[in-house]
Amino acid sequence: MHDNNSGHNKGERYLMRAGKQDRGPIEFRSRPADRQGGVMNIGVSDVVCVPPTMSICDGVETMTREGFRRLPIADAGSRKLRGIITVTDIVDFMGGGDRHNLVRNKHQGNFLSAINENLRSIMTENVMTLHTNDDMQAAVEIIVEKRHGGVPIIDNDEHVVGIVTEYDLLKSLSIEQSQLTVEDVMSYSPRVTYPDCSIAEVAKQMNKYHFRRLPVVSDDVLFGIVTATDIMKYVGSGEVFRSMQTGEVAEVTARPIRSIISGNLYTTTPQKDIHEIAREMIQKQIGAFPVTEDARLIGMITEYDLVKALAQR
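Counting from 1, one number per residue, gives the positions in the sequence shown under full-length UniProt numbering.
Treat the hints as calculated values from the structure; they're not laboratory data. Check before you lean on any hint, since a few could be wrong.
[Stated by the list, open to error] Within a straight-line C-alpha distance of at most 27 Å, the following computed DSS-like cross-link-like pairs (lysine-lysine) qualify:
{"id": "1", "residue 1": "K272", "residue 2": "K208"}
{"id": "2", "residue 1": "K272", "residue 2": "K106"}
{"id": "3", "residue 1": "K106", "residue 2": "K171"}
{"id": "4", "residue 1": "K106", "residue 2": "K208"}
{"id": "5", "residue 1": "K284", "residue 2": "K272"}
{"id": "6", "residue 1": "K146", "residue 2": "K171"}
{"id": "7", "residue 1": "K208", "residue 2": "K146"}
[As the list claims (entries may be wrong)] Distance ranges between label pairs, derived from CB positions:
{"id": "8", "residue 1": "S121", "residue 2": "T246", "range": "35 to 43 Å"}
{"id": "9", "residue 1": "E145", "residue 2": "Q285", "range": "23 to 31 Å"}
{"id": "10", "residue 1": "I175", "residue 2": "K106", "range": "18 to 26 Å"}
{"id": "11", "residue 1": "T132", "residue 2": "I175", "range": "22 to 30 Å"}
Don't be surprised by glycine CBs; every beta carbon is placed ideally from N, CA and C.
Between the sequences and the hints, there should be enough to build the whole structure, so can you do that?
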């Protein structure tokens, strides 16, 4: 593991330890699955949509309250899809990428002013969608091959009638037969951060490397895991406002990430069957497990890894 002065940005570390065995990423052969039934059978039909005129602050509060990672943006009344906002967009807005320009440039770093802009200013407009007559395989192709964590389902008039996510696919695919174990599908040598790294630095790392979560390591010991949802909840729960004095974004993102990590730390081992770990993810409603061996972090396994593996059997 590199130390903090090895040429990386502050707070950016990369785990380079191998496990006991010389394990490489398994290669999957893409094979269309024979899965009948419409996508609405696995998706959620009771979808919360919000109008593009809603403020970013209210949108994030809605996502936090409902426990969503993504929120379709639709016209009030007709529910015609106009865009989508995701938890990664919120991280981007908080300091990671292009959406942060709204805070930094238009509002000169004033977080309170920027967060009252409407959702239209940071939403994704060209949304990849599924239609009511699409099947489960169509959802697999978008979520696995195009790496979208969730996809709105629309009717012929582009009205939002449902949504399907990685979690929904995992619940459906967990009954598929497979002989794979965690070590066959997990990601090795995960990039890590440390407890005193600032929210701003973690946001930059997540956006730069397109991660939704980072293991947190202290003195080579797994301390926890910080997720994009943790950063969103920091805003959506109102915690960001409680200790605010100046209202500047540099102030609200300077807090160490150890102060916003939530939930219990669950880990798994390389030898565990992927069906077992899929059931645990579903039961615990979490999106990833750090993988440990001999008390050392050696990798990560996520919802995406499991959906990909189970869909290609």
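Original post:
Is the hinted pair K146 and K171 satisfied, with a Cα-Cα distance of at most 27 Å?
Top reply: Given pair K146, K171 holds - Cα atoms ~20 Å apart, limit 27 Å.
Original post:
Is the hinted range of 22 to 30 Å satisfied by the C-beta distance from T132 to I175?
Top reply: Holds - the Cβ-Cβ distance for T132 and I175, about 24 Å, lies within 22 to 30 Å.
Original post:
Can the restraint linking K106 and K171 be considered satisfied, given a maximum Cα separation of 27 Å?
Top reply: Outside the cut-off at roughly 43 Å; violated.
Original post:
Could one say that the CB atoms of E145 and Q285 fall in the range 23 to 31 Å?
Top reply: holds (25 Å)
Original post:
Under the criterion that the straight-line Cα-Cα distance not exceed 27 Å, is the pair K106, K208 satisfied?
Top reply: With a Cα-Cα distance of about 22 Å, the restraint between K106 and K208 holds, given a limit of 27 Å.
Subject >> Agreement of K284 and K272 with the hint, judged by alpha carbon distance not exceeding 27 Å >> reply: Roughly 16 Å separates the two Cα atoms, so the pair holds.
Original post:
In this structure, is the beta-carbon distance linking I175 and K106 contained in 18 to 26 Å?
Top reply: Cβ of I175 to Cβ of K106: about 49 Å, so the range 18 to 26 Å is violated.
Subject >> Straight-line alpha-carbon gap K208 to K146, limit 27 Å >> reply: Given that 27 Å is the threshold and the Cα spacing comes to 18 Å, the pair holds.
Original post:
So the hint says 35 to 43 Å: do the beta-carbon atoms of S121 and T246 match that?
Top reply: violated (22 Å)
Original post:
Given the hinted pair K272 and K208, is their alpha-carbon gap at most 27 Å?
Top reply: violated (31 Å)
**OP:** Sort out whether K106 lies within 27 Å of K272, counting only the CA atoms.
**Re:** violated (50 Å)
Checked against the numbered hints above, the structure breaks hints 1, 2, 3, 8, 10 and satisfies the rest.
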